[in-house]
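My request is simple: use the sequences and hints to build the entire structure.
2 protein chains.
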Amino acid sequence: MSRIPRIVILGAGYGGIVTALRLQKQLNYNEADVTLVNKHDYHYITTHLHMPAAGTDKPDNARVSITKLIDEFKIDFVKSTAVQIRTQDQKIVLEEGTLSYDYLVIGLGGEPETFGIPGLKEHALNIRSINSVRYIREHIEYQFAKFKREPSRTELLTFIVGGAGFTGIEFVGELADRMPELCKEFDVDPALVKIYNIEAAPTALPGFDPELVEYAMNVLRNKGVTFKIATAIKECTPDGVTLATGEEIKSATVIWTGGVRGNHMLEEAGFETMRGRIKVEDDLRAPGHDNIYVLGDCSIVMSPEGRPYPPTAQISMQQAEVCGHNLISQIRGADLKKFEYKPKGTVASLGRGEAIGIVGSRKIKGGVASAMKKIIDLRYLYIIGGIPLVLKKGRF
Amino acid sequence: MSRIPRIVILGAGYGGIVTALRLQKQLNYNEADVTLVNKHDYHYITTHLHMPAAGTDKPDNARVSITKLIDEFKIDFVKSTAVQIRTQDQKIVLEEGTLSYDYLVIGLGGEPETFGIPGLKEHALNIRSINSVRYIREHIEYQFAKFKREPSRTELLTFIVGGAGFTGIEFVGELADRMPELCKEFDVDPALVKIYNIEAAPTALPGFDPELVEYAMNVLRNKGVTFKIATAIKECTPDGVTLATGEEIKSATVIWTGGVRGNHMLEEAGFETMRGRIKVEDDLRAPGHDNIYVLGDCSIVMSPEGRPYPPTAQISMQQAEVCGHNLISQIRGADLKKFEYKPKGTVASLGRGEAIGIVGSRKIKGGVASAMKKIIDLRYLYIIGGIPLVLKKGRF
Numbered sequence: 003m004s005r006i007p008r009i010v011i012l013g014a015g016y017g018g019i020v021t022a023l024r025l026q027k028q029l030n031y032n033e034a035d036v037t038l039v040n041k042h043d044y045h046y047i048t049t050h051l052h053m054p055a056a057g058t059d060k061p062d063n064a065r066v067s068i069t070k071l072i073d074e075f076k077i078d079f080v081k082s083t084a085v086q087i088r089t090q091d092q093k094i095v096l097e098e099g100t101l102s103y104d105y106l107v108i109g110l111g112g113e114p115e116t117f118g119i120p121g122l123k124e125h126a127l128n129i130r131s132i133n134s135v136r137y138i139r140e141h142i143e144y145q146f147a148k149f150k151r152e153p154s155r156t157e158l159l160t161f162i163v164g165g166a167g168f169t170g171i172e173f174v175g176e177l178a179d180r181m182p183e184l185c186k187e188f189d190v191d192p193a194l195v196k197i198y199n200i201e202a203a204p205t206a207l208p209g210f211d212p213e214l215v216e217y218a219m220n221v222l223r224n225k226g227v228t229f230k231i232a233t234a235i236k237e238c239t240p241d242g243v244t245l246a247t248g249e250e251i252k253s254a255t256v257i258w259t260g261g262v263r264g265n266h267m268l269e270e271a272g273f274e275t276m277r278g279r280i281k282v283e284d285d286l287r288a289p290g291h292d293n294i295y296v297l298g299d300c301s302i303v304m305s306p307e308g309r310p311y312p313p314t315a316q317i318s319m320q321q322a323e324v325c326g327h328n329l330i331s332q333i334r335g336a337d338l339k340k341f342e343y344k345p346k347g348t349v350a351s352l353g354r355g356e357a358i359g360i361v362g363s364r365k366i367k368g369g370v371a372s373a374m375k376k377i378i379d380l381r382y383l384y385i386i387g388g389i390p391l392v393l394k395k396g397r398f
Numbered sequence: 003m004s005r006i007p008r009i010v011i012l013g014a015g016y017g018g019i020v021t022a023l024r025l026q027k028q029l030n031y032n033e034a035d036v037t038l039v040n041k042h043d044y045h046y047i048t049t050h051l052h053m054p055a056a057g058t059d060k061p062d063n064a065r066v067s068i069t070k071l072i073d074e075f076k077i078d079f080v081k082s083t084a085v086q087i088r089t090q091d092q093k094i095v096l097e098e099g100t101l102s103y104d105y106l107v108i109g110l111g112g113e114p115e116t117f118g119i120p121g122l123k124e125h126a127l128n129i130r131s132i133n134s135v136r137y138i139r140e141h142i143e144y145q146f147a148k149f150k151r152e153p154s155r156t157e158l159l160t161f162i163v164g165g166a167g168f169t170g171i172e173f174v175g176e177l178a179d180r181m182p183e184l185c186k187e188f189d190v191d192p193a194l195v196k197i198y199n200i201e202a203a204p205t206a207l208p209g210f211d212p213e214l215v216e217y218a219m220n221v222l223r224n225k226g227v228t229f230k231i232a233t234a235i236k237e238c239t240p241d242g243v244t245l246a247t248g249e250e251i252k253s254a255t256v257i258w259t260g261g262v263r264g265n266h267m268l269e270e271a272g273f274e275t276m277r278g279r280i281k282v283e284d285d286l287r288a289p290g291h292d293n294i295y296v297l298g299d300c301s302i303v304m305s306p307e308g309r310p311y312p313p314t315a316q317i318s319m320q321q322a323e324v325c326g327h328n329l330i331s332q333i334r335g336a337d338l339k340k341f342e343y344k345p346k347g348t349v350a351s352l353g354r355g356e357a358i359g360i361v362g363s364r365k366i367k368g369g370v371a372s373a374m375k376k377i378i379d380l381r382y383l384y385i386i387g388g389i390p391l392v393l394k395k396g397r398f
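So the sequence lines, in the order shown, correspond to chains B and Z. Residue numbers are given in this note's numbering: position 344 of the first sequence equals residue 346, and the series is strictly consecutive. Residue numbers are given in this note's numbering: position 154 of the second sequence equals residue 156, and the series is strictly consecutive.
I should point out that these hints are in silico values taken from the structure, not numbers from a laboratory. Careful, some of the hints might be misleading.
[To be verified] Cut-off 20 Å, straight-line C-alpha distance, at most; resulting in silico cross-link-like pairs (SDA-like, lysine to any residue):
# : chain 1 : residue 1 : chain 2 : residue 2
1 : Z       : K186      : B       : K186
2 : B       : K186      : Z       : K395
3 : B       : K150      : Z       : K123
[Said to hold, decoys possible] Okay, the calculated beta carbon distance ranges per label pair:
#  : chain 1 : residue 1 : chain 2 : residue 2 : range
4  : Z       : G355      : B       : A234      : 25 to 35 Å
5  : B       : K376      : Z       : L194      : 33 to 43 Å
6  : Z       : P192      : B       : G335      : 46 to 56 Å
7  : B       : R381      : Z       : E74       : 49 to 59 Å
8  : Z       : G355      : B       : D211      : 54 to 64 Å
9  : Z       : D43       : B       : R155      : 20 to 30 Å
10 : B       : S67       : Z       : P192      : 14 to 24 Å
[Stated by the list, open to error] Going by beta-carbon spacing under 8 Å, a handful of chain Z positions derived as facing chain B:
#  : residue
11 : N133
12 : K148
13 : R364
Remember, it's a predicted structure, so these values are computed and weren't measured experimentally. Ideal Cβ positions, reconstructed from N, Cα and C, are used throughout, including at glycine.
Structure representation (structure tokens):
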């Protein structure tokens, strides 16, 4: 009797969870053993994290218990942190124990990329997990409480968001919405609060339609956000940031959203990486490893124009569909599919009731875009958890 | 035409606000100008502050806008901080400006008394105002958020309350109730949380019936509180406390409730003080000053046995009634009343649904005492703001 192949999925982010669901649905009985490994016993919806980070939504609304998503009769779930990938003997070293695999899916997500800017790693906060966003929320509230004890320290009410990409823009929108609430709660004059969004690139939301970017910036400016575009952060200290222009901005809160790289384990495992990411083959496998698939922030997929697609939830989920298909094909000895990204549009929220986006070739903004954003969010909940999850976690 | 006498009331705590209300009710038109001076534009209910400090109630439930309590046609309200009392020329120096008085009521409240214990002033938090309790609440939540980033630092989950008097005991009761909620919110194992209540005196709640004290300590022990009674704190550092026994307890949160002294301005103004308080005459006036009344935490009233009564909301309010009466009598040239404290009973809450108390000569505990506590609280709201305030701020 031949042994049942063992599939290990590292990470229950978009890529990992959708791959698991796909395998759960399509694998036949005893066709493969599937084990999903994740640091937490919940999956979190990364694209929602900017809300609990600002405190405009509960952290619980951005996460789902993994055992509510997968069928534990079909898929094993191990709550543990992977610390090493050993391709030479096909093992994953966990914080507690070791797992063997025949097929591996790497969906470990990303890590903040600070581009070597001094102090960012030590002093800036990152929007990257439920724990980190709870921390950011508490940190922000704490600054208001501190300010009431030391009312001369107005830098406690200055908030700096580094990076005006997708996450940065969505976060400043929520942050600006949250400020009036916090000012009311702590009896603080709203005029004292300052929010800066600083971006080194020549534009906010690089790659987005310029007309929509202009619209977004105006919406956010009206909410009190000050932009510093085409302005690099030279250094981050416990007291704020110094810009390339020499300007110093004092602040007790710097949130860095300016870059993402792949998980550090990939490089350590001997894969060839660019910014910690593996440039995958057409079928999503790591070059030279015909049993290892790489998804999401750990992977690089090139566009037909030869540029890497930005890592998004959307591309991860599409990768997961193909990854699930290819794993099953491989086990069954069938042909593998090529992955082709089909962009379905992008919507960036700008806080309450406001958003911008491209759907198909159509530009949308304002209430329409905001409604579309909600639909996209609900669709994702539906994909991973069906109607019950939509009803439980959906924001209508 | 003789000038209308000017009465200035410093502080809108229990003593100040009740005096103001009494004057407002009983002074005739043009009999006196009354000005109430307070740092904030709200009165706060000090005996409730342990709840918002622990996060079991909203800070707003412990405060009332001053202009909702007083009639601004009859009493002037000045929102400012008094910085100096000048008895020689009958003036109060405010942060902005100066006020003249013919009669002065000092109800400025107390300040933490740290008995010279090194580090307490710098590193311990105090339950003493809306701002301070919002800070404590945020500080506690922040420790949970921090712990999730640095799970080896269990001292972040250790909370030390110095002093097992009234405030200390009521606060640990709320704190213990709050912990399960915070553990749930931050995914923290409740077994990691530690609450210490440390008291130098030979018993908790000194002066209270020993049977009730025993009951209270058992209730709180069952909620997870560890007592260290007859144990002095020798030093407080940013890392915790060292006890007189040599034991060190690591903690990022020390809340000091162990003592209260009078406002520092009294000593600076040349009054004879004991721990910052003025031992008042029978008619509540400061010795040698027939136009200055002193109330609450700024005053010392001796019991018939020659011991100072502990400063409480109850005694302050009774003082305020007599102070109001005596001010009017003095203006009208009538005789002044002697103040005699009539203890009506005391109830200490122990968190949700639990309390102990003495009402008349009767000991009460458990649900009965807890209900009595609520009645006392509602009665106070009724005294200062009538039925509308009871309905708005009452906890039923």
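Inset, instruction - With a cut-off of 8 Å on the beta carbons, see whether N133/Z makes it to chain B. - result: Given a least distance of 4 Å, the restraint on N133/Z holds.
Legend entry - Given pair status - K123/Z, K150/B, alpha carbons within 20 Å: holds, 18 Å
Legend entry - Range hint compliance [Cβ, S67/B to P192/Z, 14 to 24 Å]: holds, 19 Å
Inset, instruction - Compare the distance between the alpha carbons of K186/Z and K186/B with 20 Å, and conclude whether the hinted pair is satisfied. - result: Distance ~27 Å between K186/Z and K186/B Cα, so the pair is violated.
Inset, instruction - Look at the Cβ atoms of K376/B and L194/Z and judge whether their distance stays inside 33 to 43 Å. - result: 38 Å Cβ-Cβ, so the 33 to 43 Å window holds.
Inset, instruction - Take the C-alpha atoms of K186/B and K395/Z, compute the straight-line distance between them, and say whether it is at most 20 Å. - result: holds, 18 Å
Legend entry - Whether the CB-CB distance between D43/Z and R155/B falls inside 20 to 30 Å: Check passed, 22 Å falls within 20 to 30 Å.
Inset, instruction - Note whether the CB distance of G355/Z and A234/B lies within 25 to 35 Å or breaks it. - result: Between G355/Z and A234/B, where Cβ atoms are some 58 Å apart, the hint is violated.
Legend entry - Status of the R364/Z interface restraint (C-beta, 8 Å, chain B): Since the shortest Cβ distance to chain B is 41 Å, the answer is violated.
Inset, instruction - Evaluate the given range 46 to 56 Å for the C-beta pair formed by P192/Z and G335/B. - result: With Cβ atoms ~52 Å apart, the hint holds.
Inset, instruction - Take a look at whether the Cβ-Cβ distance between G355/Z and D211/B falls inside 54 to 64 Å. - result: Since the Cβ atoms of G355/Z and D211/B sit about 59 Å apart, the hinted range of 54 to 64 Å holds.
Legend entry - Cβ distance range 49 to 59 Å for R381/B and E74/Z, holds or violated: holds, 56 Å
In terms of the numbered hints stated before, the structure departs from hints 1, 4 and 13, listed from lowest to highest.
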